[in-house]
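Asks: Chains as they are written, first to last, in our numbering: chain A, 1 to 629; chain B, 1 to 629; chain C, 1 to 352; chain D, 1 to 352.
Calculated directly from the structure, the hints in this document are not laboratory data.
Treat the numbers as computed from the prediction; the structure is a model and nothing was measured.
Do not take every clue at face value.
Each computed DSSO-like pair below joins lysine-lysine, with the alpha-carbon atoms no more than 27 Å apart [stated by the list, open to error]:
1. B/K200 / A/K577
2. B/K200 / C/K30
3. B/K204 / D/K345
4. B/K204 / C/K345
5. A/K168 / C/K345
6. A/K129 / C/K30
As a plain string of letters, each chain reads:
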Amino acid sequence: MSTEVGNGTAPEGAEVRKLDRVVIRFAGDSGDGMQLTGDRFTSEAAAFGNDLATLPNFPAEIRAPQGTLPGVSSFQLHFADYDILTPGDRPDVLVAMNPAALKANIGDLPKGGTLIVNTDEFSKRNLTKVGYASDPLEDDSLEAFQVHKVAMATLTIGALESTGLGKKDAERAKNMFALGLLSWMYHRPTEGTERFLREKFAKKAAIAEANILAFRAGWNYGETTESFATTYEVAPANLNTGTYRQITGNTALAYGIVAAGQRSGLPVVLGTYPITPASDILHELSRHKQFGITTLQAEDEIAGIGAALGASYGGALGVTSTSGPGIALKSETIGLAVMTELPLVVIDVQRGGPSTGLPTKTEQADLLQAMFGRNGESPVPVVAPQSPADCFDAALDAVRIALTYRTPVLLLSDGAIANGSEPWLIPDVDALPDLSVTFATEPNAPDGSGEFWPYLRDPKTLARPWAVPGTPGLQHRIGGLEKADGTGNISYDPANHDHMVRLRQSKVDGIEVPDVTVDDPSGAARVLAVGWGSTYGPIGAAARRVRKMGMHVAHAHLRHLNPFPANLGEVLSRYDKVIVPEMNLGQLALLLRARYLVDAISYTKVQGLPFKAEELQNVLADIIKGVEA
Amino acid sequence: MSTEVGNGTAPEGAEVRKLDRVVIRFAGDSGDGMQLTGDRFTSEAAAFGNDLATLPNFPAEIRAPQGTLPGVSSFQLHFADYDILTPGDRPDVLVAMNPAALKANIGDLPKGGTLIVNTDEFSKRNLTKVGYASDPLEDDSLEAFQVHKVAMATLTIGALESTGLGKKDAERAKNMFALGLLSWMYHRPTEGTERFLREKFAKKAAIAEANILAFRAGWNYGETTESFATTYEVAPANLNTGTYRQITGNTALAYGIVAAGQRSGLPVVLGTYPITPASDILHELSRHKQFGITTLQAEDEIAGIGAALGASYGGALGVTSTSGPGIALKSETIGLAVMTELPLVVIDVQRGGPSTGLPTKTEQADLLQAMFGRNGESPVPVVAPQSPADCFDAALDAVRIALTYRTPVLLLSDGAIANGSEPWLIPDVDALPDLSVTFATEPNAPDGSGEFWPYLRDPKTLARPWAVPGTPGLQHRIGGLEKADGTGNISYDPANHDHMVRLRQSKVDGIEVPDVTVDDPSGAARVLAVGWGSTYGPIGAAARRVRKMGMHVAHAHLRHLNPFPANLGEVLSRYDKVIVPEMNLGQLALLLRARYLVDAISYTKVQGLPFKAEELQNVLADIIKGVEA
Amino acid sequence: MTAIDLGLPGLGGLDGVPTTDEPQKAKDYKSDQEVRWCPGCGDYVVLNAVQSFLPSLGLKRENIVFVSGIGCSSRFPYYMNTYGMHSIHGRAPAIATGLAVARPDLSVWVVTGDGDALSIGGNHLIHTLRRNVNLKILLFNNRIYGLTKGQYSPTSEEGKVTKSTPLGSLDHPFNPVSLALGAEASFVGRAIDSDRKGLTEVLRQAAEHRGSALVEIYQNCPIFNDGAFDVLKDADEAQRRIINLTHGRPITFGRDDEYAVVRDGFGLAVAKTSEVDGSDVVVHDATDHNLAFALSRLSTQDLTHTITGVFRNVQRSTYDDAARAQVEQAKQAQTADLAALLRGKDTWTVAG
Amino acid sequence: MTAIDLGLPGLGGLDGVPTTDEPQKAKDYKSDQEVRWCPGCGDYVVLNAVQSFLPSLGLKRENIVFVSGIGCSSRFPYYMNTYGMHSIHGRAPAIATGLAVARPDLSVWVVTGDGDALSIGGNHLIHTLRRNVNLKILLFNNRIYGLTKGQYSPTSEEGKVTKSTPLGSLDHPFNPVSLALGAEASFVGRAIDSDRKGLTEVLRQAAEHRGSALVEIYQNCPIFNDGAFDVLKDADEAQRRIINLTHGRPITFGRDDEYAVVRDGFGLAVAKTSEVDGSDVVVHDATDHNLAFALSRLSTQDLTHTITGVFRNVQRSTYDDAARAQVEQAKQAQTADLAALLRGKDTWTVAG
Ligand SMILES: Cc1ncc(C[n+]2csc(CCOP(=O)(O)OP(=O)(O)O)c2C)c(N)n1
Ligand SMILES: Cc1ncc(C[n+]2csc(CCOP(=O)(O)OP(=O)(O)O)c2C)c(N)n1
Ligand code: SF4
Ligand code: SF4
Ligand SMILES: [Mg+2]
Ligand SMILES: [Mg+2]
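Chain A on its own, in the form it takes in the complex (with noise of 0.2 Å):
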C-alpha cells in the first residue's frame, strides 16, 4: 500500500511555528523501544513528505543491566523541508524515558533545546545507578532549557485501564505514549502508525489496541493540557516525483544483490559468518530464497568466502559478507580469487577497530586493508555507497565489476550507512543493469589445437573466460600457483611471473569507471574537499553551510577507490588546497598523495561517530580563509 502525502492536521489551540528543519532524539533504556519509536516517527515524517535521515544508537551488543548508561539506546532523526544530508549534528528536542537516558543525552542538547522527561522513572534508586546525587528535575541543573516532564507511565497505565491489562504491560506503551505526544507536537499523520501497530500485533489484538491507546493518550495529552504552548510545522520537501520508501543499508546493499542476481541471471550464492554490523546482510538475503538465493552460514568467515568462491568456479554469483576483523580472516581467500580470476563480491561493513575494537560504532579504516590486506601483488577493485540508499546501487556496481573482469571486488560499506535509513526513490526494475554473462562454450586455442585455455583474455576487458564444470571439452584446472598466460598452466617461469603479475595489475587499472563528479556550485572554489564513504552526508552539509556564510568551496566524493576515476588527477591539480575529511588517520589521503603527489590535507575524526556538519564547516571554512588570505 501507499499513503498519499498530506492530512496532517493542524491541531486546536496551541499556537503553530513554522520550521524548516528539526532534529528530534529519543533516548531510553534499551528496553523501551526507542528504536521502534524512532522508526515509526520515521515513517510519519517519510510518508508526510518530509526529507529525512536518521541515526540509531544502540548500546554495547551485550544487554547493559536496565537503567544503568551503558544500557541507553537512542534513535536520532532529522527531517527537513529541504533535501538534507545528514541525520543532524545535535538534537533540537530531546525525549528521555530514564535518568540513564538523560544523563548520557543531555550534553548533546544546547540551550533553549527541549527536553521531554517521562517523570516516572526519576526514583532515587534510579537516580543513584547512574550517579546523580540529586534530582536533576528538581535542582537547577536542566534551568538552560524548555523542560516538560511528563509521567508518560502512569498517564499510559491510566488510559490502558479499561482494557484490563497488567500494569506492567500497560507501562510497555510508554514509548508509545511518547510517539503520540511528539506527533502531536509536529503535526504528523497519525493513521499509519496505528495501521502499523495493528499489523504489528494482529496476533495480540488486546498488545495492539493497548499500544493504539497510548499513542492516542500522548497525541491527547498534548492537545488538551497547557503545558506545551506552541506545536510546530515542518512542510513536506520537494523531493524529485516518484515513489518512495524508508530504506536501511544493509537492507538496500542486501536488495542490490538480490537485484544483481536477477539483473545477471545468476543464482546467488551467500557464503558468510554472521558479525556486527553486517549480519543483518545476511539475516535479510535469507529471507528471499525465492529469487535463487542460498544462503550458507558458515564455520567461520574463511569457510564462508570459500564457499563463495566454490560457488562463483560453479557458475553461481558468490558473494560473502563480513565486517573488519573477518576481512583480515579473509584475505588468503580472497588472494586465491585475485589467483584464479574468478568474481566474487566482498562485503566489509566497517566498524570500530583495530582488533575487536569498537563494534556497534562506525569507522572507515579498513580502506588500506582493502588495498594492500594479501601477499604478493594482490590488485582489487573498491567500491564505496555513500548514503544507506546508495547502497543499493553501490552493490550493482560491484556486481558488474566482478563479473565483466573476473575478479574479487571489495564493497565497503560501514556501520553508519548500514544502520542509518533515508527515504529511497524506488528503482524502476527494467531500467537497472543488464549484468548477464557468457560462459565459455568452445575450446578457444588460438594454434588452433582444440584445446581450451583458460587464460586467455578478452582484449578488451583482459577478463579470462569464465568456463563452469559440465561444460563437455573445457575441462582445466586453476589454482593459486602462478599461471602460465593463455594456456593457464602452472608457471615458474620468471618472465611470466612479472608479465602476470603486472597484467593482474592492469586488469584492475583497466576496470571502467565514471569520472568523479565535482559539486563547486559557484564554480569559484579555491579549496577542494575529497571523500568517499559515509562522510558524504556531513561533508556536503558542511559545504552548504561555508556557502551560506558567501565563500566557496568544491566537493568531490568518491564511489571507486580502485582504480581511481581518470579524471581525479586532473580534478585535484585545479585547486589550491585539497583536503580529505575521514574517520581514520588519513588512509584515502595517503592514496591520493602517492599516487598524484598532491599535498592533501588530512582531517581526521576516529570517534565511532560520523562528522558533525557543524565540525567539518569550521574546518573547511578555516582552510578557505587561509588560501584566500
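Starting from the known structure of chain A, fit chains B, C and D with the ligands onto it as the hints suggest.
Replies: What follows is chains B, C and D with the ligands alone, placed relative to chain A:
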C-alpha cells in the same frame, strides 16, 4: 676448529692466471647433490679468505622425475679478492651434470664462458627427455663456449673400483669428482673438504672414503690430463680481521632469536606452522632448546601466533614465523597484539605471490601487507634485513623494539636472503645489546588508590607496563575491545577511542631508529637509489659499477620501514632524482611518495629472482645521464 | 616413544601452582567490573558457581588466568578478579596453549561458547584436546549465537528458525561430547547451569585432572533461545531425563533409581531398574573410551536423556609438561653456550 | 524438523549427475600434465586406482570436479582430465561445499593430505562431515608433511623425530576415523594405497553414498616417511594385522580366517577363531555408530590391527540437497517479484 688461510698450493704444469672474481654455477639433477657440492666449494673459498656470496636455486617443492627440466637444481657462488655484494649475475663457469642442467642453464653462460659437462648422462633417452633433437656436445651449438667434456661418472666409478663399492653407489660420488676438478682449477685448499666428508659419513667409513677418493680423482684428473690448459688464482680478500663463518639468512635469523632470548633473559616460545621458505627457522630453533627455547608446531598459522601471543602474555618472548600467505592468516591476531600491546615478533620470509604464487622464489611484495593488512588503524613497526648475515642483527633489533615498546613487530626477510649465504664476522657475544626487561611488580594507579592500571604509559616510550600472571596484586584483564587509556577498562567513549587510535600510532611513530646513512663516496651524486631488504647487494654493486664508469650515485638502504628514520625526508630532498628499485610493483615508492611528496621513480622486477647488478647499473646510468644532461 | 616417558604421570592438575593458606571467599574472585549480561542469563549462575568453587582450590589468585574468545560467555574474564584475556573469536585455546606451555605455575581456564569453541574455534579445540594441554575449558552451550543477537549455532537442533535461518536451519548439530571423544580428549564432562552442585563437582574433577578438561555447560539464553533446556529444569521431567554419572557406580537415575542404563547391542538403552537384572545395569567406568562414546550417543540433542557428570577421565602425558621436559633435558644435555653456537663448526680467521 | 524432511532419502550419491554411454578408459581421465611426484610415491598408485575406477561410474567427465588443498597429494587435480581446483591449504572442503551446493549435477571430490585435512583444515573437515555435504573426501595419510619436506603431522606417532622435532614429537595423534565418527560422519572408510582392490571397493561405496564420504588412504612417502606402512605390505604381517570389513559379515581375517573380532567389555578384541564360539564373532553393521567407533579404537596408530573397508555408512539428509530444496520451496511459495521486494510495505509518493 678453524683453518688458517692459505696453503692453496699452485699445481704444476698448467699456466696460472690471476683473477679478481669468479662466478661458478654447479647444475645437475636434484639427486646429484649440487647443493652440497656448492656448499663445499663455498667453504673452501671462505677458508681461503675470499669474500663470497651464494645463490642456491631449488626446483619447485615437489621432486620432479629424474633428468627433467623441472628437476634441475643449481648452486651459484661468487668469490673474489675484494668484498662483493651479490652472488653474481652470470656464471663464468658452468658445470652441467646432465642434459637437463645444460639446457636449463646454458642461456646464462656468456659467450666465451667455460662449460664443464659430465658426458656420461648424454644418452639419446636423456637428450630427448628434455627435447634435444641432436646431441649439443656433437653438433656446433656450443661452439661459443670453452667446452670441457668429462666422463665424470665413468672416471669416478673407475677411481672407486678398489673400494669394491657397487657401480650405483660409486657413481653417486661423481659430484665430488666435479668438486675436486674445480678445486684444482682454482687452487682451493682441500683438507677442509676431506675433513668434512669424514665427519659427515663418520658412521659410513666406506662412503666417506669413496667420496674422498672421487674428490681426489677429480683433482688429479685436472692435474694430469692436458685438457685443462690454465688454472686460476683468486687471491684472498682483505676483509676486516676477525673470525668468520658461512651463514644462511634463515640460520642467522634463528641465531638472532636465540641471542635475543639470552640477552633479554626471557624464555623464547616460537609458535609456528611450516611453510616454504620459512620452515628452516623452525627447524633451526627446535635444535637449540638448551637456550630455553620452546618450539611449538601448531595446527595452523593462527594457532601458531596465538600460542606466541599467549606466551608473551605469560612473560616469555613470543615469536612466530611464516611466509606471505601465513601473514594473511595471522593478521587478525596481529591486530589483537596491537590492541593488547604485548611484545611479539612476527617473521615473514617473503616469497612469490599472490596466493600460493611461487613458493620457492623470492619477492618483496608483502611490505604493504605488513603495514596495512589489518582491520582498523593498526600500526606495526616493520624491520627488514638486507643480507643473509644481516638477519642476525635485524632479529635483535626487532626484539629490541618489541620489548621496549610492547608491540608486535614485523620482520620482513625474503627467499633470497633466507637460503642465500655469505661470510659472517662472528660477533662478540658480550658486545651484543642488553635487552633485559623489567616486569611490573607494584600497583601504579596515579590516584594512589593502590590499584594497578595496565594501560598507564611510560612517558618516553609510551609503552604500557608488562605485568605477568603470578604477580600478586596486579590481576587485570586485557583484550581486543577498545581500552580506556590508563585503567585499561573497556571503553566505548568516543573521545577515548580517538585518543587511543592516535596514541597507538604515536607509539610506533616515536620508536627510536637510527638515521639512514647514505653511501655517496664522491659526495657529488645528484641521483639517489633507495632500497630495502635483499636488493642491498644488487643496488650496491650497481652503484659501484656506475662509479667505475665515472658517474656519481648515492645509495641509501632502509632497515626500518616503519617508522622511517627521522632524517629520511631530508635525505630524499637532497637529490634531483630518487629511484627505488624493488622486487614488487613499487611498494616502498608508494610509502615514500605519500609521506614525503617526493617524485620517487619505481624500477620494479617481479620475476622471483634478485636483480642483476648489470641491469641496475644500466638503469642508474640512464637516469644519471638524464639528470646531468 | 620418548614423548610419553616425558609426561609426569601421577601429577595432579594443579601441581606446580602456588597455593595460599589465607582463606578465600567467593567475593575475593569478583572483579570491580559491573557484570553485563541480560537479566536472567544463565551465565550469571555459572559465574557465581565458579567464584564460589575457586576458593576451595586454595590457589593464589594471581596464579589463575581466564582466557576467553568472543561471545556473551566470553565476557567472563572481566568479572573475575584473576588475570585474564578476552581474546578474539575462537582462538582462546591456542592462546591459552602458549600461556600454559610457558607457565607451569598457572592454573589456566578457557571460557568459550558453542559458536566460539565449535564453530570458528573447532580446530583449535580438537587439537588442544588431542595434545592434552593442561587447560580447563568451560564451554557455555546455549545452542545459539547470543552476542550477535540470535543466529543458529553448531549445537542448534536441525530446522531451527533463527534470524539467519527463517526457513529453518539445515545443519546436523555436533554432539560436543562425541566430538571431544573422537578428538582423543582425556577428560570430558557436562553440567547444567542451574545445577550448582553438579557443576561444582565436575569443575572439581576437571581442576584435579592434569591435561585438557572439556566441560560442556548447558546454559540458558533467555533472550535468543529461551527454555532450550527447560525440560531438564522441570522437576518431574528431570527425573526422567537426567542421568548423572559417578565413576565405579551403576548408572541408575530417577526417583528411587527408577531407571537404569543397560547395554543395547554396542550401545546403551534405558530400562526400568525393576525390570532388569542388577548385573545388567551398566557400571560407569570413566576410563573406558568406548563406554564414554556410547554414553554420549545416549545423550541426544532432544534431551530425551541428558547425561551429566564426567564421561571420561584418563591420565596421559600432557603437551605442556612434555614440552618443558624436553627443554630441561636439552639443558641437562648441553650447556647453553651462545658463543659456541654462533661460531659453529666451520670458521676461519682473517688475520690483521 | 523440516531440514530432515527436506532430505531426499533413497537418493544415490550420483543421482543428478549426467551419465554417458560412451565407454571410458582410465586414460580418458589422464590430463596432459606431467605427473610430478617423487619416484615410488604412493600417490601414483592412488592416482592410477582412481583413474581406473572412474570409468565404471559412467559419468560425463565434464561433470566431475576434483578440489584439493595444498600438499603433494593436493597436486592430484592437475593430473585428472576433469574440472579441478588446486586451492589453498586446508580450505578445499569449504570451497567444495559451495560448489556442491550450487551444482547438483556435479560429482565433487576433495583430495587432501593428513596435514591439509587434519591440521590447518580440521575445522572445515568436521563441519563438512556433520553437515553431510555430498562430497567424496580422499585423505592421503602419509603421516608426514611431504610438500614442506618432512615435518611431523597430526597423524604422526608420538616421539617422531622430524626436521621440526629433532627430540621427538610430543603430540598425541588423531585417529582420523574416530575423529570423523565423533563429528557425525555418515560415511567413513579406509584403504591402503597398495591395495588396489580394497581401495576401489571403498571408492565405489563412497561414490554411491549420498552425503560426505571420508576415505582415509594410507599412503607411503618414500622420501620423508618411508615404510610407515610396511608392516601392512609384508604378506605375513598383513595376514595378522589387516581386518577388512564387509557389512553384514562376521569380522574374521587372516589366513583361512584364522582370527576373529570379538567383544571385550564395551570395546573389541581379536581372538583365534578356533578358540571362540562362532556366535561370539562380531558381525559388521555399518549403521551402528558405536560399533564403528569401537572398530576405530581397535585400529591403533601402531598398526597392530588395521581395519580397512567401510566403518560406517548411513543415510541422512544432506546439506546441499536440503539447501536446494529450501530454495525450491521458496520459489513455489512466492513468486520472485523484484519490483514488489524493492517497494516493500511502506511507501509514499511525491507527486509532481
Ligand atoms: C572473527 C570474528 N567473527 C565473527 C565475530 C562475531 N561474533 C562474535 S561472538 C559470535 C558468536 C557468539 O556465539 P557463542 O560463541 O555461542 O557465544 P554466546 O554469545 O552464545 O555466549 C560471533 C559470530 C567476531 N567477533 N569475530
Ligand atoms: C597457509 C599455508 N600454510 C602453510 C603452507 C605450507 N604447506 C603446504 S602443504 C603443507 C602440509 C603438507 O602436508 P600434507 O597435507 O600431509 O600433504 P602431503 O604433502 O603430505 O601430501 C604445508 C604446511 C601453505 N602452503 N599455506
Ligand atoms: S544474549 Fe543470551 S547469552 Fe547473551 S547475555 Fe543475553 S541472555 Fe545471556
Ligand atoms: S615428498 Fe613424499 S609424498 Fe611428496 S611426492 Fe615425494 S614421496 Fe610423495
Ligand atoms: Mg552460544
Ligand atoms: Mg601428508
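Asks: All hints are to be evaluated individually against the structure, with a verdict given for each.
Replies: Consistency of the hints with the structure:
1. Of the supplied pair hints, the one linking B/K200 and A/K577 is violated, its CA atoms being roughly 70 Å apart against a limit of 27 Å.
2. Between the alpha carbons of B/K200 and C/K30 the distance comes to roughly 62 Å, so the proposed pair goes past 27 Å and is violated.
3. Simply put, B/K204 and D/K345 have alpha-carbon atoms about 86 Å apart, too far for the 27 Å limit, and the pair is violated.
4. Between B/K204 and C/K345, the direct Cα distance comes to roughly 20 Å. Compliance with the 27 Å bound is thereby established for this hinted pair.
5. Restraint check for A/K168 and C/K345: not satisfied, since their Cα atoms lie roughly 84 Å apart, outside the 27 Å limit.
6. Using a Cα cut-off of 27 Å, the hinted pair A/K129 and C/K30 holds, with the two alpha carbons roughly 19 Å apart.
Checked against the numbered hints listed earlier, the structure breaks hints 1, 2, 3 and 5; every other hint is satisfied.
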